[in-house]
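Use these hints to put chain B onto chain A, whose structure you have.
For the record, the sequence lines run as chains A and B. So that you can map any letter, position 341 of the first sequence is 341 in the working numbering, and since no number is skipped, the others follow by simple counting. So that you can map any letter, position 67 of the second sequence is 67 in the working numbering, and since no number is skipped, the others follow by simple counting.
Note that these hints are calculated values from the structure, not bench results. Everything hinted at is true.
Note: identical chains are not told apart, hence a pair may lie in one copy or across any two.
Heads up, simulated DSSO-like pairs for lysine-lysine below, C-alpha to C-alpha not over 30 Å straight-line:
(1) 20 - 294
(2) 20 - 134
(3) 294 - 134
2 protein chains.
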Amino acid sequence: MIPGPYLLYLGHSDDEVGIKTSRGLAAFRRDDCVGEWRHDDCPLTLGIPRMDVAAARAAGARTLVLGIANAGGRLGDDLIDDALLAIAAGMNVASGLHQRLRDEPRLVAAADAVGVALFDVRDAPAHLPVGNGKRRAGKRLLTVGTDCSVGKMYATLCLRDAMRARGVAADFRATGQTGILIAGDGVPLDAVVADFIAGAIEVLAPARDDDGWDLIEGQGSLFHPSFAGVSTGLLHGAQPAAIVLCHDPMRAHMRGLPHYQLPDLATCLEANLQVARLTSPDVQATGIALNTVKLDEDAARRLCADTAQALGLPCTDPYRFGADPIVDWTLTCFAPAAPAMTASR
Amino acid sequence: MIPGPYLLYLGHSDDEVGIKTSRGLAAFRRDDCVGEWRHDDCPLTLGIPRMDVAAARAAGARTLVLGIANAGGRLGDDLIDDALLAIAAGMNVASGLHQRLRDEPRLVAAADAVGVALFDVRDAPAHLPVGNGKRRAGKRLLTVGTDCSVGKMYATLCLRDAMRARGVAADFRATGQTGILIAGDGVPLDAVVADFIAGAIEVLAPARDDDGWDLIEGQGSLFHPSFAGVSTGLLHGAQPAAIVLCHDPMRAHMRGLPHYQLPDLATCLEANLQVARLTSPDVQATGIALNTVKLDEDAARRLCADTAQALGLPCTDPYRFGADPIVDWTLTCFAPAAPAMTASR
Numbered sequence: 001m002i003p004g005p006y007l008l009y010l011g012h013s014d015d016e017v018g019i020k021t022s023r024g025l026a027a028f029r030r031d032d033c034v035g036e037w038r039h040d041d042c043p044l045t046l047g048i049p050r051m052d053v054a055a056a057r058a059a060g061a062r063t064l065v066l067g068i069a070n071a072g073g074r075l076g077d078d079l080i081d082d083a084l085l086a087i088a089a090g091m092n093v094a095s096g097l098h099q100r101l102r103d104e105p106r107l108v109a110a111a112d113a114v115g116v117a118l119f120d121v122r123d124a125p126a127h128l129p130v131g132n133g134k135r136r137a138g139k140r141l142l143t144v145g146t147d148c149s150v151g152k153m154y155a156t157l158c159l160r161d162a163m164r165a166r167g168v169a170a171d172f173r174a175t176g177q178t179g180i181l182i183a184g185d186g187v188p189l190d191a192v193v194a195d196f197i198a199g200a201i202e203v204l205a206p207a208r209d210d211d212g213w214d215l216i217e218g219q220g221s222l223f224h225p226s227f228a229g230v231s232t233g234l235l236h237g238a239q240p241a242a243i244v245l246c247h248d249p250m251r252a253h254m255r256g257l258p259h260y261q262l263p264d265l266a267t268c269l270e271a272n273l274q275v276a277r278l279t280s281p282d283v284q285a286t287g288i289a290l291n292t293v294k295l296d297e298d299a300a301r302r303l304c305a306d307t308a309q310a311l312g313l314p315c316t317d318p319y320r321f322g323a324d325p326i327v328d329w330t331l332t333c334f335a336p337a338a339p340a341m342t343a344s345r
Numbered sequence: 001m002i003p004g005p006y007l008l009y010l011g012h013s014d015d016e017v018g019i020k021t022s023r024g025l026a027a028f029r030r031d032d033c034v035g036e037w038r039h040d041d042c043p044l045t046l047g048i049p050r051m052d053v054a055a056a057r058a059a060g061a062r063t064l065v066l067g068i069a070n071a072g073g074r075l076g077d078d079l080i081d082d083a084l085l086a087i088a089a090g091m092n093v094a095s096g097l098h099q100r101l102r103d104e105p106r107l108v109a110a111a112d113a114v115g116v117a118l119f120d121v122r123d124a125p126a127h128l129p130v131g132n133g134k135r136r137a138g139k140r141l142l143t144v145g146t147d148c149s150v151g152k153m154y155a156t157l158c159l160r161d162a163m164r165a166r167g168v169a170a171d172f173r174a175t176g177q178t179g180i181l182i183a184g185d186g187v188p189l190d191a192v193v194a195d196f197i198a199g200a201i202e203v204l205a206p207a208r209d210d211d212g213w214d215l216i217e218g219q220g221s222l223f224h225p226s227f228a229g230v231s232t233g234l235l236h237g238a239q240p241a242a243i244v245l246c247h248d249p250m251r252a253h254m255r256g257l258p259h260y261q262l263p264d265l266a267t268c269l270e271a272n273l274q275v276a277r278l279t280s281p282d283v284q285a286t287g288i289a290l291n292t293v294k295l296d297e298d299a300a301r302r303l304c305a306d307t308a309q310a311l312g313l314p315c316t317d318p319y320r321f322g323a324d325p326i327v328d329w330t331l332t333c334f335a336p337a338a339p340a341m342t343a344s345r
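So here's chain A without its partners, still in its complex pose (with noise of 0.2 Å):
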């Protein structure tokens, strides 16, 4: 487990993209955020007190989180400098970049020195078996898209608190970085070899009995011709009983190539339960997430609504309306049975 609280860093970032892990820690993980560290070129904020490290570190904080993305997912120059800072006012640093901290030697000596660690989220659980694809026990609700970065994650955080907020026992089941740093573990799909996707998701969300709930998060899209077999095999590795599927309605193209176009829902939804069916026959649909964030509220209700008429799901924007009419109608699908009706006499 990574120590908190924490530092979240935004540091140079100038795209909104690129710090969204950060911005999903201030979001779900807020009570266990200090504050945010940028600096004076960086023209973004999560909303939380500016500090540097020294601030930070009177405040509490045990560990800087580099909670950004760079082309590359490298480790550049100013980044290593920042975390040389953190480290050497006593900070642990995890990082969710694909160059890991642990093959940077300035860190390493850095840390050893201090005595602090250096958490990489991104390396894949050793020894993941091959999927099996046996039925097991316990209810699975998986969030599916129709693109990349269109709000799986949040989705699914969103119906956990709201499912908890009920009285549900409900667990979210984190499968990139941003999600392990807020969920405090999970696997990093994109960094498993390609044999095992469906055998991490197996090991990922075992079988439950508790009559609780795991809500898996979601990554890519069936429909993006660089990702779809991550999507595939989390699909498969899944098993879910529910799936949710999540949409940004102002997406004009697939993420990164503007020569795909995404998916109409209903053609999506139909291919995500096509391949589902495979280790989950029973799969249903529970409802639309839609991301409305560049959206006035008039134009996101009224989209939501139209949304649910077209397809029969209940539909909204969990993180902005909340995610009670899909959890509504998600545990009025798998409730338990009524008793049986005995006839009398």
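Positioned in the frame of chain A, the structure of chain B alone reads:
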């Protein structure tokens, strides 16, 4: 490149499936294999001369190929001792086992001392890109399967040979250990990190404009719950113009999974076409390849005829009866369009 000729290792193997790499080399690189090395307790043979290391060396062998698989893909002491004998005799050693030769200090030290090389063909190339899905020039055919290990590699190689026999430029693109040893290069797809499956295939079979064919070795099956992610990424990365469905009619259940039945051929073909259309909208199925090794010739020919009739596609056992029916139809489907007729006057 791995220096030939080869000595093919069977060792103490008593399981036909376990020697498939050695058998594949004997089948498709016969002229480069001086013999097989098996111990007295090995009941199997490739039908080529049995010889020990000294005899193989005298016959010109330059590399011992550990063309066997064992539980867990590990290098046991037997295997290491035998590899050390080959090294002492001046031979290189090549392996497709999961456990790497280079991770065994005794082998590394011996190879260094003698001046020979160790080849781990399961190593994935460094710096693979993420797939981009951009349409690229050239004609590619991908073999797909109802299951793992149903003859996709054999079918692909037979298709190549049949195309070459009629003067069509055709290259085999290997995606597994055996195929890589046969071809001399390729990408061991099961060792590639999940995010790079499609990208690896885009690199393996790049654009070509010589009117020739890239024949890509398929892996897994969309209907195998352990490996469908690999098959999906392979379909997307390959952008196949044509797919050929491979099937073992005697397979009782999905390989390794008694609780999963095989899909029927029509369902499997349609699912593969549907996935392939994302990056190759005009993809066509051009044949069915059956592995009829366990049927007598009459039954095999009848089954091919019945299957062709049922699916409306040429069907053959390409290794037993030749790949011509599929090649004929494939070349017909993708023949250059006849010059447009111009109306006279």
